[in-house]
Amino acid sequence: METRWQAMSARVGVCVWFLLAISQAQGQSWPESIEIEQGGKTTTMLMDELREQADVTFRFYDPYLGREVDIRGFELDDWARGTFDNEVEALTLTAMDGFKVEFDKLPGENWILVTHHDGEEIGLRDKGPLRLVERDYGERDTENLRLFNNWIWMITHIEGAP
Amino acid sequence: MIHRLWEKRSGWLWLSLASFSTVVLLVIYDMRLLTPQVDRYFSQHDNVTGHQLATRSRVFLHDTLEELLKESPSPEAASLSLEVAYGFLDINIYRERYACTESSLAVLDSLQRQLMRAPSAEIERVTRSLLPVLECLTDIEIGQRVQRSQTVNGFVDKARDHQALLFFGTLIVYLLGLLFWWFHEKQRRATEKASRESLRWMTKALQDPLTGVGNRNALHQHIAEQPDETMGLLLIDIDHFKPYNDCLGHPEGDRLLRQLVGLIDLSMAGEAKLYRMGGDEFAVLLSCRSRDVLRQRCVALVDAVHRQAFNHPSSPIGPIVTLSVGGVWFCPSDMALEQAYAAADAALYRVKQAGRDGWEVDYPTTPVPCSV
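Top to bottom, those sequences are chains A and B.
Using full-length UniProt numbering, read the first sequence as starting at 1 and increasing by one per residue.
Using full-length UniProt numbering, read the second sequence as starting at 1 and increasing by one per residue.
It should be emphasised that the hints constitute simulated quantities derived from the structure, not laboratory data.
Remember, predicted model here, so these are calculated numbers, not experimental data.
Incorrect hints may appear among the rest.
To be verified - For each label pair, taking beta carbons as the anchor points, the in silico distance ranges come out as:
| hint | chain 1 | residue 1 | chain 2 | residue 2 | range |
| --- | --- | --- | --- | --- | --- |
| 1 | B | SER21 | A | THR42 | 51 to 61 Å |
| 2 | B | THR151 | A | THR92 | 25 to 35 Å |
| 3 | A | PHE58 | B | SER21 | 40 to 50 Å |
| 4 | B | ALA106 | A | GLU143 | 16 to 26 Å |
| 5 | A | GLU87 | B | TRP14 | 52 to 62 Å |
| 6 | B | SER21 | A | GLU102 | 36 to 46 Å |
Said to hold, decoys possible - Covered stretches of chain A (chain B as the covering partner; in silico rule of three or more C-beta atoms under 8 Å from a C-beta of chain B):
| hint | stretch |
| --- | --- |
| 7 | 48-57 |
| 8 | 124-138 |
| 9 | 155-161 |
Just so it is clear, CB atoms sit at the ideal spot from N, CA and C, and this is done for glycine as well.
Full structure from sequences and hints, please.
Written out as structure tokens, the structure reads:
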């Protein structure tokens, strides 16, 4: 009896380990939420909720990854208008390591908050779970990453202001 | 139109202006060209690529180590930092340029799995295995700095060459501008001189050299310039001027002519234009709004000559110089100069026929003068 329990425990342990390994191997899913701030008030928005809003898809060459990627996400402008009140103009996006990108006014439909690469949710090692890119970066030299300075990764905090 | 403009303005002036405009454009172009590059390389401390991504990866690796070296390490926190470190190291240009990148990423991936699988037991090994990753990050940082230095040096060299080119280019174009301006100025002065000369010759062409008053051409021109102005035309003849010359000599005759010019001008109150029509014949043109004014001027003139009493030793009609004056009151738009001149001449003829030393103003049969 004890042996059966041990065997079952071992099987469960293996399954748990496998699930953990799988989830960590693919997931890199922390953090699972971002902070939204407006007028000094901060709320939390789940990444799942954001991923559900991802309705924009396109394929482009990612200069940081050095390959073509199928992108899925949503327009920053639309999302900001829907999340904050209509008077929102300025946006500040803060990354996990404290870097910030500030927009004095809504940057336009070219800027996309990305939640998925090649159909997969992006985690930290994919520069996720939320990153900002430009849908069309024109003729900029993709070898020169300095031309993509406003692409911010690992976004954890978004502040909207009038 | 451009051709006309080119001719109207000086070609040199346009060339000069074009040169100076080129200088301005060169400077603006240079600023436009250099400023973004300067910004890109020297003003990037607060944005995503302001610090090396490898350095940022190193920060999170240190966080991982710090967490693992705590008495009660949190595998989740360490794993989180490790993930972020992975994200910052997983950059295409690092993979392409630094061979250690791939192996380091593999190490980080492997450690991540091990951390989640057997956190406490593997800590020391994890710590050791991070060392080559840190060395790789150091290589990347140094390599990137070297590359950045090379890029910046290249940029500085390029900027220096550019500045030299700009300096000499600007200098040459500026000097060309000055040269063109000088040509323009020279041309302008030559044109001005030629204009003054032409004007002087034109004035001379309309002037009687002996008395300084206008000549017949001037009379025609002045009348043509005032077609709607009622005016009086007087023809004045010095009575028996030839005997005067014969008796007293031509120099004295010339002096008399000059004196009479002054006297006529005075009699007309300085309001008339005087012309020498040839020999001893003068014409006077004055604006007057009625025949009476013209008559008054004639009376004043004849009286003034009488009062002046220039001696005329050989005159058959008296001891002093006298004048015969014939005039006409007319409007140039109604009566051509030739007609007016003929009318005044006819009046003068009648005065002469009547014994000279007198005046007569003709009454034209033509309609009432224009601006009365």
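Going through the hints against the structure:
{"no.": "1", "hint": "B:SER21 to A:THR42: 51 to 61 Å", "verdict": "holds (56 Å)"}
{"no.": "2", "hint": "B:THR151 to A:THR92: 25 to 35 Å", "verdict": "holds (30 Å)"}
{"no.": "3", "hint": "A:PHE58 to B:SER21: 40 to 50 Å", "verdict": "holds (45 Å)"}
{"no.": "4", "hint": "B:ALA106 to A:GLU143: 16 to 26 Å", "verdict": "holds (25 Å)"}
{"no.": "5", "hint": "A:GLU87 to B:TRP14: 52 to 62 Å", "verdict": "holds (54 Å)"}
{"no.": "6", "hint": "B:SER21 to A:GLU102: 36 to 46 Å", "verdict": "holds (39 Å)"}
{"no.": "7", "hint": "48-57", "verdict": "violated (count 0)"}
{"no.": "8", "hint": "124-138", "verdict": "holds (count 4)"}
{"no.": "9", "hint": "155-161", "verdict": "violated (count 0)"}
The structure is inconsistent with the numbered hints 7 and 9, although it conforms to all the rest.
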